[in-house]
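Since the structure of chain D is already known, use the hints to place chain X on it.
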Amino acid sequence: MKRFLACLATLATAAPLTSLRMVTAAAQDTSQVREGVRIGVTYERGVRPGLVVLPGPGLDSVRAIVRRDLDYSDRFEMVEVGTPASTDGTAGPVNYGIYKSLGAAFAVELAQAPGGVIARLHDVAGSRVRNQQTFSLPAVTDAGFRLGAHRLSDEIARWAVGTAGIASTRLLFVSGGRIYRMDSDGFDLTPFTPAGQTSLSPAWSVDGGQFAYTQLGAGRGGVVVQNFETGATLPVPGTQSGLNITPAFSPDGKTLAYAHSDENGTDIFTANVADRCCAQRLTVGRYADNLSATFSPDGRRIAFVSTRAGPPQVYVMAADGTDQELLAPFDFGATGASNAPEWSPDGANVVFHREVSGSPQLFLVDVARRGLRQVTSAGRNEDATWAPDGRHIAFVSDRSGVRQLWVIDIETGRVRQLASPGAARLPSWSRRLSGPR
Amino acid sequence: MRASSLLILLATTAVAVGCGGKKPPEEPAPQPAPAPTAAPTPPPQDDTAERERLERERMQREAAERARAVSADLAAMINFEYDQAAVRAADEATLDRKAAILQANPNVRVTISGHADERGSDEYNLAIGNRRAGAAKRYLQNKGIDGARMDVVSYGEERPLNPGHDEAAYAQNRRDEFQVTAGGDNLVAPQ
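Chain order of the listed sequences is D and X. Its first residue numbered 1, the first sequence is counted upward by one per residue in the working numbering. Its first residue numbered 1001, the second sequence is counted upward by one per residue in the working numbering.
Don't take each hint at face value.
[Claimed, not checked] Stretch by stretch, here's where chain D covers chain X in the computed footprint (C-beta under 8 Å, at least three residues):
1. 1120-1128
2. 1131-1141
3. 1149-1160
[Claimed, not checked] Pair by pair, the computed Cβ-Cβ distance ranges are:
4. D:Gly-310 x X:Asn-1142: 16 to 26 Å
5. X:Gly-1147 x D:Ala-143: 50 to 60 Å
6. D:Ser-400 x X:Gly-1164: 15 to 25 Å
7. X:Ala-1169 x D:Leu-189: 23 to 33 Å
8. D:Pro-235 x X:Ala-1086: 30 to 40 Å
9. D:Leu-326 x X:Glu-1081: 20 to 30 Å
10. D:Arg-281 x X:Arg-1058: 54 to 64 Å
11. D:Gln-197 x X:Asn-1142: 32 to 42 Å
12. D:Gly-358 x X:Ala-1086: 14 to 24 Å
13. D:Gly-116 x X:Gly-1164: 52 to 62 Å
14. X:Pro-1106 x D:Gly-347: 54 to 64 Å
15. D:Arg-281 x X:Thr-1181: 25 to 35 Å
16. X:Gly-1144 x D:Ser-400: 45 to 55 Å
Hints in this document: simulated from the structure, not taken from any laboratory. All C-beta atoms, glycine included, are put in the ideal place defined by N, C-alpha and C.
Chain D on its own, in the form it takes in the complex (with noise of 0.2 Å):
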């Protein structure tokens, strides 16, 4: 096996990522794990193509923001090269010797350009310009900027290996009763709901115009929808009595899947929000729970969390209720509680939480062969929601002390922290954003 990794080791650095996926070596989810702790989760890590920023006169924000969500596409080595001594104000010709020196096998490059910035990718090995767009982008003072500069940092990842980075999305969590939105490096955070309410459970519409969630109120709850330009909230059919949670909307944005609470217990309906009416129940729980429910991307099925044998496991069904059956195994009376799947942009996996020893670790559940797989060991790690594409989670994790956001790629099990006010939960991860704000 060493002898394989040597050799493809030496063929990397250019090819695209997604060939050597199969390489292997040693990365754990032991972050802010004290020194000398190693616990359990090991992840196969690819050899990534060494990628370098160009330093260049102006456009300073672009640049910072542009290498920073090229390193969270976690796709990249990042090569550093510090601020070149003297700037006269004009880029000259890349010096593909250096930076192949360095290790790298792509070189962005970003000058100003009429309203906008011209981007080029350079494949250093073949020292030629790969690809090359002019791109409009507003003013650093516009609202519109940081989200335009991560659209250039997402197609500039598409040139380079094939797949589009994930940095032109927002995500939405709770902190403090409030719902709040931030970009996907962390930055510009904007609360949606007013203080002094209880909101819970922030799911986004498939436009990423809106987002449902629940209003919590002397013990009882509705789900609305609302637009994140006007503020305007709609009340979702049939959730104006008792208690109602988890919304999920399905792929085509038309149906709207909540738990309903009352006496009786608590069972999935869905409502068609596209004509807001008529919700119809999925789920009979008879005292049971039945909740959490969340779509294929396909549309066709939904997994849930079911408390049907006790204490709650996911479970999965057709889209209209039929052929309920158990999703991600588990030994009865031994298993842990398990909670809040999520279903994966591809559609392979369903990220979920189970406590393990009293701790709550995210899992994935091989769709088709329901095999599992544990991603996390460090801290309590809860309610995570996936990245458009599929290889990125965020989540709740305490390893650092407070109940933070973290994201994880299952592909390295690199984890970094996304920063929030104060304590956060109840994360939900956007599609890639393509309005203008």
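Quick look at chain X alone, frame taken from chain D:
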């Protein structure tokens, strides 16, 4: 009037909680003025009025104390095992007492709120809180109380009674609370 008796109820609840669920200590009742014994002549008019006033006050005080004790029994919380929503055998007597009070006071309505400790999923905790409140309601229904008199709500882990992060705090936080929402004035003690 209703607001004031709700205040009394809340105050009583707070005292009951502060003393670990025990009833508040009985206040020593002030001694009524000694009644004159075997007065051969009719007492003066003003003396009768005074005795009647004191007697009235004593009865009012005793009635208020009885009502307070009944309120405390009605508001007494029950607790649950981790990840369980079944009424514990130890809490059946508490619920039986509530059933008797609700029988004796047919105009009383209560809201039962279920709560969870901070462990477990935030959203699942809302569901289990709901199930805990529903379990108490069903127990009382089985004792003959009309379900229409009892509302069920859940706060999940959003309103911990004890902000601690240990098992003692968790055990306190896994609970049902009972709040009188109507007919709470002049509660009658069950026979």
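So, going through the hints one by one against the coordinates:
1. 1120-1128: holds (count 8)
2. 1131-1141: holds (count 5)
3. 1149-1160: Per the Cβ count (5), the hint holds.
4. D:Gly-310 x X:Asn-1142: 16 to 26 Å: Roughly 23 Å apart at Cβ, these two residues keep to the hinted range, so it holds.
5. X:Gly-1147 x D:Ala-143: 50 to 60 Å: Because 52 Å falls inside the window, the suggested range holds.
6. D:Ser-400 x X:Gly-1164: 15 to 25 Å: 21 Å Cβ-Cβ, so the 15 to 25 Å window holds.
7. X:Ala-1169 x D:Leu-189: 23 to 33 Å: holds (31 Å)
8. D:Pro-235 x X:Ala-1086: 30 to 40 Å: The hinted range 30 to 40 Å holds for Pro-235 (chain D) and Ala-1086 (chain X), with Cβ atoms some 34 Å apart.
9. D:Leu-326 x X:Glu-1081: 20 to 30 Å: The hint (20 to 30 Å, Cβ to Cβ) holds, given that Leu-326 (chain D) and Glu-1081 (chain X) are roughly 25 Å apart.
10. D:Arg-281 x X:Arg-1058: 54 to 64 Å: For Arg-1058 (chain X) against Arg-281 (chain D), whose Cβ atoms are near 59 Å apart, the range 54 to 64 Å holds.
11. D:Gln-197 x X:Asn-1142: 32 to 42 Å: Holds - the Cβ-Cβ distance for Gln-197 (chain D) and Asn-1142 (chain X), about 37 Å, lies within 32 to 42 Å.
12. D:Gly-358 x X:Ala-1086: 14 to 24 Å: holds (21 Å)
13. D:Gly-116 x X:Gly-1164: 52 to 62 Å: holds (55 Å)
14. X:Pro-1106 x D:Gly-347: 54 to 64 Å: Taking Cβ atoms as reference, Pro-1106 (chain X) and Gly-347 (chain D) lie about 57 Å apart, which means the hint holds.
15. D:Arg-281 x X:Thr-1181: 25 to 35 Å: holds (29 Å)
16. X:Gly-1144 x D:Ser-400: 45 to 55 Å: holds (53 Å)
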